[in-house]
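Engineer: Here is how the chains run, residue by residue.
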Amino acid sequence: MNDINMSYTLILLALPFLMFLVLGLLGNKMKPLVAGVLGTLSLGVMAAVAYYTAYQYFFVVGKVGEVYQSLPVFNYEWLQFYGELKINLGIMLDPISALMLVVITTVSLMVHIYSLGYMKGERGFQRYYALLSLFTFAMLGLVVATNIFQMYIFWELVGVSSFALISFYYTKPSAVAASKKAFIVTRFADLFFLIGILIISYFAGTFDFATLTDPDAPFIGSAVGATFLGGTALSWALAFIFIGGAGKSAMMPFHIWLPDAMEGPTPASALIHAATMVVAGVFLVARLFPIYVGTTVLEIIGWVGAITAAYAAIVACAQTDIKRVLAFSTISQIAFMITSLGVSGYGGHDGLGYMASMFHLFTHAFFKALLFMGAGAVIHAVHSNEMKDMGGLRKYLPITHITFAVAVLAIAGIFPFSGFWSKDEIMAAAFHHNKAIFALLFFAACLTAFYMSRLYYRIFWYDNNKDYHHKPHEAGPTMTIPLIILAILAAFSGFVPFSKYITSDGKAFEAHIDMLVAGLSTLAAVGGIVVATLMYAKKKDAPNKFTQTFPRLYKWASDRFYFDEIWLFVTRKIIFDRISKPIAWFDRHIVDGFMDGLAYVTQAASDKIKGLQSGHIQQYIFVYLIGALSLVFIFIFFIAFLLS
Amino acid sequence: MNILSLFILVPVLMLLGFIPCKNIKQVRTVAVIGAVVELIMAVALLFLFYKERAIDPTSEMLFYDDSITWFKTLNIKYAIGVDGISVLMILLTSIIILTGTFASWNMNPLPKDFFMWLTLLSVGVYGFFISLDMFTMFFFYEIALIPMYLLIGLWGTGRKEYSAMKLTLMLMGGSALLIVGIIGIFYNSGIESFNFVEIAKNGGIPIEAQRWIFPMTFLGFGVLGALFPFHTWSPDGHASAPTAVSMLHAGVLMKLGGYGCFRIAMRLMPEAADELGWIFLVLTGISVVYGAFGAIAQTDLKYINAYSSVSHCGLVLFAILMVNKTALTGAVMQMLSHGLMTALFFALIGMIYGRTHTRDIRQLGGLMKIMPFLSVCYVLAGLASLGLPGLSGFVAEMTIFVGSFEHADMFHRVLTIMAVSSIVITAVYILKVVGKILYGPVIDDHHLELTDAVWYEKIATAGLIVCVAGMGMFPGWISNLIRESIPYL
Numbered sequence: 000m001n002d003i004n005m006s007y008t009l010i011l012l013a014l015p016f017l018m019f020l021v022l023g024l025l026g027n028k029m030k031p032l033v034a035g036v037l038g039t040l041s042l043g044v045m046a047a048v049a050y051y052t053a054y055q056y057f058f059v060v061g062k063v064g065e066v067y068q069s070l071p072v073f074n075y076e077w078l079q080f081y082g083e084l085k086i087n088l089g090i091m092l093d094p095i096s097a098l099m100l101v102v103i104t105t106v107s108l109m110v111h112i113y114s115l116g117y118m119k120g121e122r123g124f125q126r127y128y129a130l131l132s133l134f135t136f137a138m139l140g141l142v143v144a145t146n147i148f149q150m151y152i153f154w155e156l157v158g159v160s161s162f163a164l165i166s167f168y169y170t171k172p173s174a175v176a177a178s179k180k181a182f183i184v185t186r187f188a189d190l191f192f193l194i195g196i197l198i199i200s201y202f203a204g205t206f207d208f209a210t211l212t213d214p215d216a217p218f219i220g221s222a223v224g225a226t227f228l229g230g231t232a233l234s235w236a237l238a239f240i241f242i243g244g245a246g247k248s249a250m251m252p253f254h255i256w257l258p259d260a261m262e263g264p265t266p267a268s269a270l271i272h273a274a275t276m277v278v279a280g281v282f283l284v285a286r287l288f289p290i291y292v293g294t295t296v297l298e299i300i301g302w303v304g305a306i307t308a309a310y311a312a313i314v315a316c317a318q319t320d321i322k323r324v325l326a327f328s329t330i331s332q333i334a335f336m337i338t339s340l341g342v343s344g345y346g347g348h349d350g351l352g353y354m355a356s357m358f359h360l361f362t363h364a365f366f367k368a369l370l371f372m373g374a375g376a377v378i379h380a381v382h383s384n385e386m387k388d389m390g391g392l393r394k395y396l397p398i399t400h401i402t403f404a405v406a407v408l409a410i411a412g413i414f415p416f417s418g419f420w421s422k423d424e425i426m427a428a429a430f431h432h433n434k435a436i437f438a439l440l441f442f443a444a445c446l447t448a449f450y451m452s453r454l455y456y457r458i459f460w461y462d463n464n465k466d467y468h469h470k471p472h473e474a475g476p477t478m479t480i481p482l483i484i485l486a487i488l489a490a491f492s493g494f495v496p497f498s499k500y501i502t503s504d505g506k507a508f509e510a511h512i513d514m515l516v517a518g519l520s521t522l523a524a525v526g527g528i529v530v531a532t533l534m535y536a537k538k539k540d541a542p543n544k545f546t547q548t549f550p551r552l553y554k555w556a557s558d559r560f561y562f563d564e565i566w567l568f569v570t571r572k573i574i575f576d577r578i579s580k581p582i583a584w585f586d587r588h589i590v591d592g593f594m595d596g597l598a599y600v601t602q603a604a605s606d607k608i609k610g611l612q613s614g615h616i617q618q619y620i621f622v623y624l625i626g627a628l629s630l631v632f633i634f635i636f637f638i639a640f641l642l643s
Numbered sequence: 000m001n002i003l004s005l006f007i008l009v010p011v012l013m014l015l016g017f018i019p020c021k022n023i024k025q026v027r028t029v030a031v032i033g034a035v036v037e038l039i040m041a042v043a044l045l046f047l048f049y050k051e052r053a054i055d056p057t058s059e060m061l062f063y064d065d066s067i068t069w070f071k072t073l074n075i076k077y078a079i080g081v082d083g084i085s086v087l088m089i090l091l092t093s094i095i096i097l098t099g100t101f102a103s104w105n106m107n108p109l110p111k112d113f114f115m116w117l118t119l120l121s122v123g124v125y126g127f128f129i130s131l132d133m134f135t136m137f138f139f140y141e142i143a144l145i146p147m148y149l150l151i152g153l154w155g156t157g158r159k160e161y162s163a164m165k166l167t168l169m170l171m172g173g174s175a176l177l178i179v180g181i182i183g184i185f186y187n188s189g190i191e192s193f194n195f196v197e198i199a200k201n202g203g204i205p206i207e208a209q210r211w212i213f214p215m216t217f218l219g220f221g222v223l224g225a226l227f228p229f230h231t232w233s234p235d236g237h238a239s240a241p242t243a244v245s246m247l248h249a250g251v252l253m254k255l256g257g258y259g260c261f262r263i264a265m266r267l268m269p270e271a272a273d274e275l276g277w278i279f280l281v282l283t284g285i286s287v288v289y290g291a292f293g294a295i296a297q298t299d300l301k302y303i304n305a306y307s308s309v310s311h312c313g314l315v316l317f318a319i320l321m322v323n324k325t326a327l328t329g330a331v332m333q334m335l336s337h338g339l340m341t342a343l344f345f346a347l348i349g350m351i352y353g354r355t356h357t358r359d360i361r362q363l364g365g366l367m368k369i370m371p372f373l374s375v376c377y378v379l380a381g382l383a384s385l386g387l388p389g390l391s392g393f394v395a396e397m398t399i400f401v402g403s404f405e406h407a408d409m410f411h412r413v414l415t416i417m418a419v420s421s422i423v424i425t426a427v428y429i430l431k432v433v434g435k436i437l438y439g440p441v442i443d444d445h446h447l448e449l450t451d452a453v454w455y456e457k458i459a460t461a462g463l464i465v466c467v468a469g470m471g472m473f474p475g476w477i478s479n480l481i482r483e484s485i486p487y488l
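Here the protein sequences line up with chains A and B, keeping their order.
Each residue of the first sequence is one higher than the last, beginning at 0 in numbering that gives the first Met the number 0.
Each residue of the second sequence is one higher than the last, beginning at 0 in numbering that gives the first Met the number 0.
In short, the hints are calculated from the structure, not lab data.
Be a bit skeptical, because a hint or two may be false.
To be verified - DSS-like mimics (lysine-lysine), calculated; alpha carbons at most 30 Å apart, straight line: (1) K171/A x K431/B; (2) K572/A x K457/B; (3) K21/B x K457/B.
To be verified - Incomplete in silico selection of chain B near chain A, CB under 7 Å: (4) I182; (5) A296; (6) V401.
Quick reminder that beta carbons are idealized off the backbone N, C-alpha and C, glycines included.
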């Protein structure tokens, strides 16, 4: 089947890594623009390779009979543990990795171009491009991983490049705090991921996805056989692995890092914290989907997703920082994808949720990246993230306005924009699986349309006669062209016949529009938009009245239901004050005190004894005589004892 | 002459070379030439080892030589030989000595005496790694310990006399246990030999004897490997020691502990290890987590790093006690990795301290802007420490974790998961430091006038970073070299 050599895909990993080294080591010797163009060109090459690879995979070599296969294109033994347990670094092509290649390189390319304008004149411009290359490298390595350990490796690398980009403005304390939070929260989740890997690989005897995703693999029996605290080893492992995914994908309660991560440069947020890295958790579950299917864990995943979707949507309604609105909307949308996996079955039409999840991942990447970049253009124009500093911008930023509107319609799910198609499939899958989950998603979808329209109106309408000190103006073509391209994608990418290419078992099926569900979700979207239009199209008192009617609710939502405070309490008050400090004290005063005490006793004892070495002969003779006499007595008693 | 003896001869020649030196320039010349020669020899040894291994795939130790007997009555021999593990440890030593030389380029006062003691220390370390005779090994071990006292006591900072005394006394206490243990092995081995390869092959220690010898030797070496609760020399000792000494001590000397533990305690007394190992396993498990939590609360950069060493070296002993091939491979990798990155850390801390005259993280801030080179190196060292893939810490820790997880029982599993959790705690204290001293606003305006690294500092740090990254990206050959050296597991 694989008679066409696809080892050229190695370029996808080699080139960005090389670019990272070049820009990272030599960047300071280059002019900023040179570094930027170099990075962008290499990304252009990679995008071309990725498209070609995807084309080859989907239309030439990927299908055997009616089923898409996973093709190991390249495999290199990197580190041996024992038996078959070894880490390989390789490239595996299958429908979802080919899909991700396209998504990542497209969005990354757009971000690279856009950043040429957006980041112009920033200190550390070269470093920024080096980090973008590192991120792209890591993300591509993650999606093409042939085994779960390779995935973990790149998973960590993605995390660190995210850390470095969030702390890009490293002199700003809030950015530093945000980067630390992002890294540590996700690292905490990764700990579970790692434990999950350890458990599952112990039973499977391999890290390879080929075995791990085989639902009939013999190891599953033994892993189900072993139980711990009421769950089987397999379900513990799967749950732990999902926690890792929940950390990266900002599911509750690990979502707290994502809103803060907006401290990074906006285009980086668009790439990492909207389109690609944050869907890694979705990808992880999708990758291991065959063994998740039918377990209780998958059921839990569905619920976690649904609750997160609703929660994030509520909070998004009460945020005033436009990037934070988008961040919560990202959390909510990813939760849709997670839920969709949670309600999915395996094979054929049962796998609708799986297909829908990937579909939504695909469309979401474009419209969310577009929203972020549009927000970036707005921030670039008014130099603020706050809604109160905006209003009536449609006159000044026409291109941004139109593209942003397209993205809002797409995310709200209005026919025929891309979000409509993918979200509708998710709703349908949820509807047929569990009505309660459907209800939560429906609620989230209403709110999505509402808060996105609110955002749109607050930026481009609302205060139509706002005075600007500096008249805002549209940015140059490096920023507007990516917006236009993404707007086209956001509008039309829904027409891709996804169920033909990306399905849970590799076989194509026919997905129909479920008229009932489609009607309901369109109703939700239109409803949300209408309410927002009434409230925010013009400057009115209605929003204030609303918040005054429900002050408690508004306060809680705008303070994000105090999840951050809970985490802060646990880390500061418990881990630092109650564990770490006492340990340090214990170490200094008890453990070390004991050692010092030992030394002190020795010294004191020697002080006491040293008087004996006085040099007085009389004293020596005296001691000698007493000693000798005692020995004699002991000897006599001893003899007497023996004789008696 | 055996090629291995060169590793003792070259430092001895260096010592002679220092004698006529009149100024710091000459001292540096001798030190750098000697260190470079050692590094070249160590690399050459690696290749010779591969060559020899291809010819002789069965012998445990290559370049074996026990023809010189230096104390007939007790059959004490100058027995030498290396396997893959010792070759790697020698390589590590030579790298750290070379970079340490560059890091103490402007040693003041008495540079000549400083380098002489440092070189004597390296004699001890090299001798330890090539020795197969336990008594000779012990002899070299003591040679390495004594200079430490003077190096810290004379050239150190802060409470240096106290720290030097504490370090020496605690390690000497370990030595006392050790020598008793070694003599015990000698008389119980059945063949009255100090050569541990011989004993492992031909002798056998009865279990009754093992029961008391094993704890003695393990503890004796464990003190040097910063085993809880005998680790307290480490924070004070490292904090007071001058840069190169901290580098060498944390980078290499602490490895002597782990090396001795698996070469002697675990190897010769496997039954006792099986029986009593769990006690030490609990202690090392505590070391790992306790050291990491301890590091969070510290404010002195060197203390943070010393506690982090307790945690990382605890992981070495932890893995050794897991007694399987993968875990032990991981243990040796962790020794190498910790050696390199901790040396890097101490070098950087020394350079930062040399400029700002403080190691208190509360008085430092925004260094990234002032000294970008050093700061980026510090970030990389930190990332290696928290186990980022692509740097050395990751491969070592993962090998240990996967190896430890091979044990199917609950006791080992729980301890392993406890040890795994240290990766998060490590991230906390590393990022805390990075966020505080490198990022954020500049706290002290005087720091704005400071300069970035100069060429010899760049050599020291860049050299170590290349090694850390090299090991992290191409771990396969190291792992295989170690694995092939432990066929008996």
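Engineer: The structure should be examined with respect to each hint, and the outcome stated for every one.
Structural biologist: Hints, one by one, checked against the model:
no.: 1; hint: K171/A x K431/B; verdict: 15 Å, holds
no.: 2; hint: K572/A x K457/B; verdict: 40 Å, violated
no.: 3; hint: K21/B x K457/B; verdict: 27 Å, holds
no.: 4; hint: I182; verdict: 24 Å, violated
no.: 5; hint: A296; verdict: 4 Å, holds
no.: 6; hint: V401; verdict: 5 Å, holds
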